[in-house]
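Peer 1: Here the protein sequences line up with chains F and Z, keeping their order.
As numbered in our numbering, residues 1 to 342 make up the first sequence, in order.
As numbered in our numbering, residues 343 to 776 make up the second sequence, in order.
A couple of the hints might just be wrong.
[Stated by the list, open to error] Label pairs and their in silico Cβ distance ranges:
no.	chain 1	residue 1	chain 2	residue 2	range
1	F	Lys324	Z	Ile351	24 to 34 Å
2	Z	Gly446	F	Arg276	20 to 30 Å
3	Z	Asp676	F	Glu149	30 to 40 Å
4	Z	Gly755	F	Arg190	55 to 65 Å
[Stated by the list, open to error] Pairs of lysine-lysine, DSBU-like flavour, derived with a Cα cap of 30 Å:
no.	chain 1	residue 1	chain 2	residue 2
5	F	Lys315	Z	Lys495
6	F	Lys160	F	Lys172
7	F	Lys315	Z	Lys558
8	Z	Lys480	F	Lys315
9	Z	Lys598	F	Lys315
10	F	Lys157	F	Lys138
11	Z	Lys756	F	Lys265
Don't read these hints as lab results, they were simulated from the structure.
The structure displayed is predicted, hence computed values, not measured ones.
Where a beta carbon is used, it is the ideal one built from N, C-alpha and C, also for glycine.
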Amino acid sequence: MRINLRQKNQNRQTAQGVAISFALHVFGILISLLVFSRAHAKLDNEPQIFTVTLEGGEVLGGVGKVPTKGKETQKLIKDQVPDEAPDVKKQKEVEKSVKEEKVEESKKETPKVDSEKEKQLEKLSLVEELERKKAEDKKRDDEKKKIEEEKKKVEEKKKKDLEEKKKKEEDKKKKLEADQKKKVKDELDRKKREAEAKEKEKLDRDKRLSDLARQIKSKQYEGESVNAGGEGFGAARLGGQAGGGGTLAAYAKVAYQNELQEHVKAGWRWMVRSERLRTLVRVKIEQSGNIADVRVEQSSGNSNFDDSVVRAVRKASPVPPPPKEFYQDFSDVRFWFDSQDQ
Amino acid sequence: MKTITQYLIPFLLILSIQILSSKEVQAQTDIRISGAQSGFPVAIPQMCNSGNAADPAVKIAETISRDLQISGLFKVLNPASFVETPGKCGGPESFAYSDWTVIGAEGVVKGDIKSVGGNLQADLYLYDALQQKAVIGKRYSAPENEYHKIAHKFANEILFYFTGEHGVFGTQIAYVSAVNRFKELFVMDIDGENNKQLTSDRGLVFSPSWNPNGDKLIYTSYASRSPELYVTSPIGGKPSRITKRPGLEIGAKFSKDGSKVLSSASFDGVSKIVMFDLRGQLLSTLAQSGSIDVSPTYSPDGSQIAFCSNRGGGPQVYVMGSNGGAAKRISFADSNYCTSPAWSPKGDKVAYVCRNAGFQIFMSDPNGGAAIQLTFNGDNEDPSWSPDGRFLAFSSTTLGGPKSIGILSLLGGKPTKVSNGAVSSQPAWSPMEK
Chain F
1 MRINLRQKNQ NRQTAQGVAI SFALHVFGIL ISLLVFSRAH AKLDNEPQIF
51 TVTLEGGEVL GGVGKVPTKG KETQKLIKDQ VPDEAPDVKK QKEVEKSVKE
101 EKVEESKKET PKVDSEKEKQ LEKLSLVEEL ERKKAEDKKR DDEKKKIEEE
151 KKKVEEKKKK DLEEKKKKEE DKKKKLEADQ KKKVKDELDR KKREAEAKEK
201 EKLDRDKRLS DLARQIKSKQ YEGESVNAGG EGFGAARLGG QAGGGGTLAA
251 YAKVAYQNEL QEHVKAGWRW MVRSERLRTL VRVKIEQSGN IADVRVEQSS
301 GNSNFDDSVV RAVRKASPVP PPPKEFYQDF SDVRFWFDSQ DQ
Chain Z
343 MKTITQYLIP FLLILSIQIL SSKEVQAQTD IRISGAQSGF PVAIPQMCNS
393 GNAADPAVKI AETISRDLQI SGLFKVLNPA SFVETPGKCG GPESFAYSDW
443 TVIGAEGVVK GDIKSVGGNL QADLYLYDAL QQKAVIGKRY SAPENEYHKI
493 AHKFANEILF YFTGEHGVFG TQIAYVSAVN RFKELFVMDI DGENNKQLTS
543 DRGLVFSPSW NPNGDKLIYT SYASRSPELY VTSPIGGKPS RITKRPGLEI
593 GAKFSKDGSK VLSSASFDGV SKIVMFDLRG QLLSTLAQSG SIDVSPTYSP
643 DGSQIAFCSN RGGGPQVYVM GSNGGAAKRI SFADSNYCTS PAWSPKGDKV
693 AYVCRNAGFQ IFMSDPNGGA AIQLTFNGDN EDPSWSPDGR FLAFSSTTLG
743 GPKSIGILSL LGGKPTKVSN GAVSSQPAWS PMEK
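Generate the whole structure from the sequences, applying the supplied hints.
Peer 2: Take a look at the structure:
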């Protein structure tokens, strides 16, 4: 074939080359899809993927890794959502009401403790309060004295007023001149600051996005993630191709992740103390929300603490069923339990 | 060939990038959880009576429940909510874990109790209802009237399983209580049970304190018409007199090795902090001043002594080295009367009493910093630390009835009344059970 090709003229050679390369590309894409989908097919047995990131935008628009997934996600949404929607909605409503009940329960419990603590604190500060009252009385006396002194001062001031008025007028003139100079300078400063702020905003935003990409760590991040998701969406459109779908999925994913976090945390009991303990458990979650397996991957070194963690996860079963479109992301989750708040 | 490789190379590059990047996307969903709540929910049903042990089968469960409740670390579930019949016999094959998880229990305590010739045999189990397995199984035997010892021991096991810390159940509190018009020395379990009268001096008894081994109590008694120091055993027996001196020896404390006794003594007119040996020989006088010095208490390492002195005017709490020397005031509760210091077993706090709308218990760092008030109503006096430093026993007029002994968890909550009946005061918490 090589010899034949050499014998043909230049034009034909080029055309055929293009055709072959086209065929090879198609073949290559098919293989890559195959590899990719096989990787997905394996996921049932293997630890589950996907950092929960909201960086969506830029990354999604990039080297074509996620767009494939984005297409799939879109397809899934198109295929499934219309049929599933009512059920999902119902389920969510039920979950919501359950959650609200729980919230109310916990609300009922906490005020007691709080009020008792407050009571104690109030009483504790009795001594301080007495001191404060004394201080206040003293303050009042001081104020009376002050007022009298001020009256005297006002009278003295009146005498001085005439002199001062003259002075003030002169001062005003000077001040006006100074003000004008200052305004010009301020304007320049302001422009400079704006430019700096813009630069900083950009840097901050980039940092936020990369932070989010790394991990959604805590509830505080939930608040931020909504914003970041919005920004990611815009960026995704710039990058083109289905990025928006990915971003929406990421948002819903984070919402579920938070739900899961709250659900597991609610049942966790441990005795608070100064020592810091951390345990990593790997949890297999079935589509129904049933917890199929809990395994301690990294012990805290304190078996009592590890046990409390395993109990917390077992107690949480069944968790709210993961949304179908990214069940894979939650079929196998790693929970970090930390004895101390950060 | 050149042309093909020209197209092939970029293609392979793209392919490899795709494979690599698809792996790069693989990372696991990580969720971080912190902020556990306290209050392990446990169910303690009436135990199985497998022979002549109907009473202990109920009482052991009750005692364990009371212990765990006093600890403030557990939520002991109401037996009325139990699905299972009380007193059901049999191991894990005979009950459903779901009967217990459905009421929210993390731990289930079950037991099989029988009595053979007045001796109890108790097989006690703790099941982790969520991990669905027995996590503790112990066989105890004891005379029938000592069922509470079994219960306390197992309550400690339960506490250890859930927290990894050693409990104080089974420790005791010595205290002074009224018998007719006299005051005698008593000792009881920390839940108020197993109460025993140790003296019958028909006089006045003051300021009991334990030795570090927990097998001796030292106290002041008027048994011989003049106040002297005595030592007795918490399980009873004849007390032995240590001192025979004019004046009042009171507030005695054993040294860390138990070989010496720190006390206040007023044999030469003014009350001083002094050191005796166990035969009552004066070894040294520690606090030199023209003032009245009383109520010494050692720091847990034995290097310092907190005591009460009126050297600055009214009585206040001071700290000095264990060999005497300069003292530094540590009570600043805006009160002109502070006394009864008690050094915490971890050494990080000193509790004391100050007059402030009644006598109230305060606690501060050993240098006087971070002072807080712990009680607020009535009179609360004589604080004594639990050996784990998580509780204070004290006498209080606020627990219903006459002045009685209460226990306060430093995790918060209300004090629990543990003494019964007559006027009681001056609690002294024993060391950890050995």
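Peer 1: Hint by hint, say whether it matches the structure.
Peer 2: Now for the hints, and whether the structure bears them out:
1. As the Cβ distance of F/Lys324 to Z/Ile351 is approximately 41 Å, the hint placing it in 24 to 34 Å is violated.
2. Distance hint for Z/Gly446 and F/Arg276: a CB-CB separation of about 28 Å, consistent with the stated range 20 to 30 Å.
3. Between Z/Asp676 and F/Glu149 the C-beta distance comes to about 32 Å, which sits within the given range of 30 to 40 Å.
4. Roughly 57 Å separates the CB atoms of Z/Gly755 and F/Arg190, a value that falls within the hinted 55 to 65 Å.
5. A distance of roughly 28 Å separates the Cα atoms of F/Lys315 and Z/Lys495; the hinted pair therefore holds under the 30 Å criterion.
6. Only pairs whose Cα atoms come within 30 Å are accepted, and F/Lys160 paired with F/Lys172 is accepted, the gap being roughly 18 Å.
7. At most 30 Å may separate the alpha-carbon atoms for a hinted pair to count; F/Lys315 and Z/Lys558 exceed this at roughly 47 Å.
8. Taking the CA atoms of Z/Lys480 and F/Lys315, the gap is near 26 Å; set against the 30 Å cutoff, the hint holds.
9. With a C-alpha separation of about 46 Å, the suggested pairing of Z/Lys598 with F/Lys315 is violated against the 30 Å cut-off.
10. Simply put, F/Lys157 and F/Lys138 have alpha-carbon atoms about 28 Å apart, close enough for the 30 Å limit, and the pair holds.
11. Distance check on the hinted pair: Z/Lys756 and F/Lys265 sit about 27 Å apart at the alpha-carbon level, within 30 Å; holds.
Figure legend: structure checked against the earlier numbered hints; hints not met, in rising order: 1, 7, 9.
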